[in-house]
Amino acid sequence: MSYQAEYIWIDGTEPEPLMRSKTRIIKDGKEPEIWGFDGSSTNQAPGSNSDCVLRPVYVTPDPLRGGDNILVLCEVELTDFTPHPTNTRAFSRSVAEKYADMSPMFGIEQEYTFFKDGRPYGWPEVGFPAPQGPYYCGVGGSKMPGREIVEKHTQACLDAGLAIEGTNAEVMMGQWEFQIGVVPAPAIGDQIWLGRWLLHRIAEDYGVEVSFAAKPIDGDWNGAGAHTNFSTKQTMAGWDAIVACCEALGTRVMEHVTHYGVGIQDRLTGKHETAPWNKFSWGASDRGASIRIPWAVEKAKKGWLEDRRPNANMDPYLVSALMIDTCCSALAGDKPTLFVPEQQGAATPVAATV
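full-length UniProt numbering numbers the first residue of the sequence shown as 1 and each following residue consecutively.
These are calculated hints, taken from the structure and not from any lab test.
All C-beta atoms in this analysis are idealised placements derived from N, C-alpha and C, irrespective of residue type, glycine included.
Among the clues, some could well be false.
[What the hints assert, rightly or not] Restraint ranges, calculated between C-beta atoms of paired labels, are given here:
1) S94 with E298: 29 to 35 angstroms
2) D28 with A237: 43 to 49 angstroms
3) K271 with G122: 20 to 26 angstroms
4) Q265 with G141: 34 to 40 angstroms
5) V243 with I34: 44 to 50 angstroms
6) A332 with S21: 37 to 43 angstroms
[What the hints assert, rightly or not] The list that follows gives simulated cross-link-like pairs (lysine to any residue, SDA-like), each with its CA atoms no further than 25 angstroms apart:
7) K271 with S285
8) K302 with M105
9) K152 with Q4
10) K233 with K271
11) K302 with P336
12) K143 with A163
13) K335 with S281
14) K27 with Y3
15) K143 with P129
All chains should be modelled from the sequences, with the hints used to inform the complete structure.
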């Protein structure tokens, strides 16, 4: 008996890539193989030479179709089987392999905003809802639009075997979050992208759009981030390694924020629980710092750090690669040598204040 494999990949749309997928019917007993697609329709190839390759790299049960059906996350390659210029997973994989002996691990808090009919889901047709305050981790009535989608998404992530750790409503009405961790690179990127795909797909059934925009609504409303928690064997063993990581991150401010997602200047303003995008700071329990050290970590003098700068629309492959290279090179006494692929929509490079 045949089964369905949903091949999923990240396209070349600017300034934010889109997720694409198509279904392949595979005979029972066979594994998903290399496939292809028309790159001229996904901003990844010209029409005169449009073939691109899909290489399966991460397979999970399909929680939506059930049965023996699967989801197949793919890397995009050129027809000579080298990584496509939009393939940042290959980049993350190479950096993770370099410092694998340090066991770099990640937990990412993925925020997002539901939209319907051009406005955040649950907002009135005219005007605004009540100010922020009751929505974060809230409960009750019309204050919490989207909960049914969140519940179905959470169960789908569990059924797919993703390392989902939790969910919560966020500060702005219509804004939510799910957390994936603790996972190494590049698998942390795989699971975030699959979690995003499942969210988009489930929201379809409700006529709702999912936005990962960094500042979905102008004004006195929170933006949407992807706070990235990071540890190594060294940070889990002692405080000095945590300090070394923070200090190293402070030497490469612009290299990070220019690859932390589109619209970072709109979100990292110094307000709404953010640090200014071109200044660097770190501190314990400080949600207005670039890097927050959780109180339990400060007390234990070992653990992990939280980079609060990445946007909700960040590329988890790029973010994980940057954090590994900056922090692990410092712990190893190496010079950071990472070449970061060009990322559309980056913040304007200017001098940072450390």
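Here is how each hint holds up against the structure:
The hinted window of 29 to 35 angstroms between S94 and E298 holds, with their beta carbons roughly 33 angstroms apart. At about 48 angstroms, the beta-carbon gap between D28 and A237 stays in the expected band of 43 to 49 angstroms. Between K271 and G122 the C-beta distance comes to about 23 angstroms, which sits within the given range of 20 to 26 angstroms. Distance hint check for Q265 and G141: the Cβ-Cβ separation is about 36 angstroms, which falls inside the suggested range of 34 to 40 angstroms.
The given range of 44 to 50 angstroms is respected by V243 and I34, whose C-beta atoms sit roughly 45 angstroms from each other. Checked against the hint of 37 to 43 angstroms, the C-beta distance between A332 and S21 comes to roughly 39 angstroms, which is consistent with it. Between K271 and S285 the alpha-carbon distance is near 16 angstroms, which keeps this suggested pair within the 25 angstroms criterion. Straight-line distance between C-alpha atoms of K302 and M105 comes to about 14 angstroms, which keeps the hinted pair within the 25 angstroms bound.
For the hint linking K152 to Q4, the alpha-carbon distance of about 21 angstroms falls within 25 angstroms, and the restraint holds. With a CA separation close to 34 angstroms, the supplied pair K233 and K271 exceeds the 25 angstroms bound. Distance restraint check for K302 and P336: the Cα-Cα separation of roughly 24 angstroms lies within the 25 angstroms cut-off, and the hinted pair is therefore satisfied. A threshold of 25 angstroms between alpha carbons decides the hint, and for K143 with A163 the separation of about 28 angstroms lies outside it, so the pair is violated.
In summary, the hint linking K335 to S281 is supported, as the alpha carbons are separated by about 22 angstroms, within the 25 angstroms threshold. For the proposed pair K27 and Y3, the alpha carbon gap of about 6 angstroms is at most 25 angstroms, so the pair holds. For the hint pairing K143 with P129, the CA-to-CA distance comes to about 9 angstroms; that is within 25 angstroms, so the pair holds.
Of the hints listed earlier, those the structure fails to meet are numbers 10, 12, in rising order.
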